[in-house]
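Protein sequences, first through last, are from chains A and B.
What the first sequence shows, in my numbering, is residues 1 to 404, in sequence order.
What the second sequence shows, in my numbering, is residues 1 to 209, in sequence order.
Honestly, the hints are just simulated from the structure, not real lab data.
Using N, Cα and C, we set each Cβ at its ideal position, and we do this for glycine too.
There could be a bad hint or two in this list.
Where chain A lies over chain B, by a calculated footprint (3+ residues, C-beta under 8 Å) [said to hold, decoys possible]:
id: 1; region: 55–66
id: 2; region: 173–183
Label-pair distances were calculated between CB atoms; the ranges are [claimed, not checked]:
id: 3; chain 1: A; residue 1: G102; chain 2: B; residue 2: R73; range: 35 to 43 Å
id: 4; chain 1: A; residue 1: L272; chain 2: B; residue 2: A154; range: 47 to 55 Å
id: 5; chain 1: B; residue 1: R73; chain 2: A; residue 2: T27; range: 43 to 51 Å
id: 6; chain 1: A; residue 1: D356; chain 2: B; residue 2: E142; range: 39 to 47 Å
id: 7; chain 1: B; residue 1: T15; chain 2: A; residue 2: I16; range: 53 to 61 Å
For reference, the chains in residue letters:
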Amino acid sequence: MTEENTDVLSGAFKDIEAWNAIFRNGTTLRRMQENRLSLYENFDYIAGRAERGESGGKEFIYGPSSGGMLESIRFRMSTEGERISSLVPEFSFKNRSLKLGGKDTETALLLAERINGPYSASYSALFCGVAESILGIQPSHEVRLTRMLACELERIACHLFVVGRLCEAASQSVATAHIFGLREKILRMISRRFGHRFFFGLNDIGRIRTPVDFHGISESVDAVVNEFGDLWQHLSSSTLFIDRIQRTCPVHLESSVGPAARASGYSTDERLTEGLLPYSDFSFNFRKEYEGDSLSRALIRSHEIEESGSIIAQVTDQLHKADASRPASISDRRGEGIGRIESPGGETLLYLRLGDSIERAYIRSSSLANLQAFVRGISGAVFTDFAFAWESFGLWVCEMGGVI
Amino acid sequence: MKSWVIRGLRKGVLTTRFPKGDAEDVPLWTTKPVKMSDGEVRCPAGAISDGAVDMNRCISCRRCSEHYMPDGRPVHSTVNSGISIASRSFHIYMIDTGSCGACNSEVHSLHNPVYDFNRLGMFVTNTPRHADALIVVGVVSEGMEMALKAAYEAMPSPKIVIATGTCSISGGIIGKGVDGVLPADVLVPGCPPSPYAILDALIRARDAK
Chain A
1 MTEENTDVLS
11 GAFKDIEAWN
21 AIFRNGTTLR
31 RMQENRLSLY
41 ENFDYIAGRA
51 ERGESGGKEF
61 IYGPSSGGML
71 ESIRFRMSTE
81 GERISSLVPE
91 FSFKNRSLKL
101 GGKDTETALL
111 LAERINGPYS
121 ASYSALFCGV
131 AESILGIQPS
141 HEVRLTRMLA
151 CELERIACHL
161 FVVGRLCEAA
171 SQSVATAHIF
181 GLREKILRMI
191 SRRFGHRFFF
201 GLNDIGRIRT
211 PVDFHGISES
221 VDAVVNEFGD
231 LWQHLSSSTL
241 FIDRIQRTCP
251 VHLESSVGPA
261 ARASGYSTDE
271 RLTEGLLPYS
281 DFSFNFRKEY
291 EGDSLSRALI
301 RSHEIEESGS
311 IIAQVTDQLH
321 KADASRPASI
331 SDRRGEGIGR
341 IESPGGETLL
351 YLRLGDSIER
361 AYIRSSSLAN
371 LQAFVRGISG
381 AVFTDFAFAW
391 ESFGLWVCEM
401 GGVI
Chain B
1 MKSWVIRGLR
11 KGVLTTRFPK
21 GDAEDVPLWT
31 TKPVKMSDGE
41 VRCPAGAISD
51 GAVDMNRCIS
61 CRRCSEHYMP
71 DGRPVHSTVN
81 SGISIASRSF
91 HIYMIDTGSC
101 GACNSEVHSL
111 HNPVYDFNRL
121 GMFVTNTPRH
131 ADALIVVGVV
141 SEGMEMALKA
151 AYEAMPSPKI
161 VIATGTCSIS
171 GGIIGKGVDG
181 VLPADVLVPG
191 CPPSPYAILD
201 ALIRARDAK
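Generate the whole structure from the sequences, applying the supplied hints.
In structure tokens form, the structure reads like this:
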């Protein structure tokens, strides 16, 4: 078991009057005073209070609805000429106020997989995993492998999307078309095998809801991974592309997660810990970069596309056909649990307390954890860097709203 | 530069023949579930009533899968009123009023070389002031209601509103839909609707008399 690291605050939420903190790798809640928590520099971000800040100076306001952004978010940028001296993100415009509290696990699962549609496999596997551990349900090895497979396919699709958006921002139209073409191939393959392009409705507590045929998945993924490798090599020789993303938005922040953290030299990856899914039964290469800039984040993602392909090949060797099993009988056990999963954006944390229904839920998404890194990295950049910086983090506003 | 051209030529044409040809690889669980056997079904979205499925409410959750199976046929949108501008290009503006990101991603897919909606004279515009159609994705959150109304007001007439996805049409299981805030001229069912469903809706809305 990896040791709890109390230097890094992973999550914090308030229950009535008291604050609960969860530290990196920690498996228990710690009661803490707000003044002690506020000593952690990421506290305001993970508590969802980063919108309160003042940008200072002459403000340029962008959003909440704008043609350049895929989702609704408003940025208040303090500018000096074309330089962004500071930025305050306002991400709650589209907040859907998702409430898991008071719901039964069946309904809460539906909401959990819609916190972030493109990360649906990760969120539903996380929710099911934590609920199963509280309820004392042990899903079969086959079910856990199917969830792992779905998460890795999701990772490839999402990483391709981020790299494609980065190319789009850098006006690399031909490369953009090639990469989005590859992503479409993956989404269609997911759709054919799993019945839905975003895995909605696949996971259920203790089981997989509908049958899956794994035949040919590895070959299709291999073809996409190889073609992407070739494209990436080609793209890397484009000075136009590299010049735009190299040394753009450099940041080193220990509380960041996922590809953003690994691009800054931090060794964090939930797949390397004894987590909810059996990653330890398989081998894959772990890679870090050290510059912390947009190029490093893209390099990490390109590497991870290849590694996910390798994991998928190993997993599908053990899987042939997953039949939908009968629903698990939900016991009346009560309790609480903390779980983590490595979504495509990085470590995603869930705390769940179950009584007759869900009494309390808290989710700290990877996008919320990385938002501070973006805000810090963008200061000092010029306006034209904004798109390269934002896209390189692969942030999703939909998962920043928090869940109670 | 030359190598990109050669790479493109080697790859050949990826673009679908749709709408002249059939839609390929339609996601099974975005098509209409059909009753196969009797039994109790608890549809969390209230989409099933007397054995019939209302696709404007269906959220692709598969909770009905023991007694219902999707028919695999693409679901068509409902066009209450369209915009007849066949003689010129059709510009759309997407506004996210509270989505999970999946609908945004599917609308974005219309740009990719497989769907390539520019070939049909359709384009994304970066401001509602130049838009013929407003694509609304997600439930209408409190924070985005004013921005949604402002975007609609900024559009020149004639203009239409395309409610894209179950959240936008009916609110699904999360919140309220666009109805009651703006008149929805076109309803594109699905959670999320496939790019084909969105493309089909755009074509039918543009060509409606």
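TODO: Could you see if the CB distance from B:T15 to A:I16 stays within 53 to 61 Å?
DONE: Holds, at about 57 Å.
Task: A:L272 versus B:A154 beta-carbon gap, inside 47 to 55 Å or not - done: Because 49 Å falls inside the window, the suggested range holds.
Task: Range hint 39 to 47 Å (beta carbons of A:D356 and B:E142) holds or violated - done: The hint (39 to 47 Å, Cβ to Cβ) is violated, given that A:D356 and B:E142 are roughly 30 Å apart.
TODO: Tell me if chain A covers the region 173–183 of chain B under the three-residue, 8 Å CB rule, please?
DONE: holds (count 3)
TODO: Given the hint of 35 to 43 Å, check if A:G102 and B:R73 actually sit that far apart at their C-beta atoms.
DONE: Given range 35 to 43 Å: holds, Cβ gap about 38 Å.
Open item on the list: Within 43 to 51 Å: is that where the Cβ-Cβ distance between B:R73 and A:T27 falls?
Closed with: holds (48 Å)
Task: Coverage claim, chain A over the region 55–66 of chain B, checked by counting residues with Cβ within 8 Å (three needed) - done: As far as the region 55–66 of chain B goes, the hint holds, because 6 residues have Cβ atoms under 8 Å from chain A.
Violated hints amount to a single one, hint 6; each of the other numbered hints is respected by the structure.
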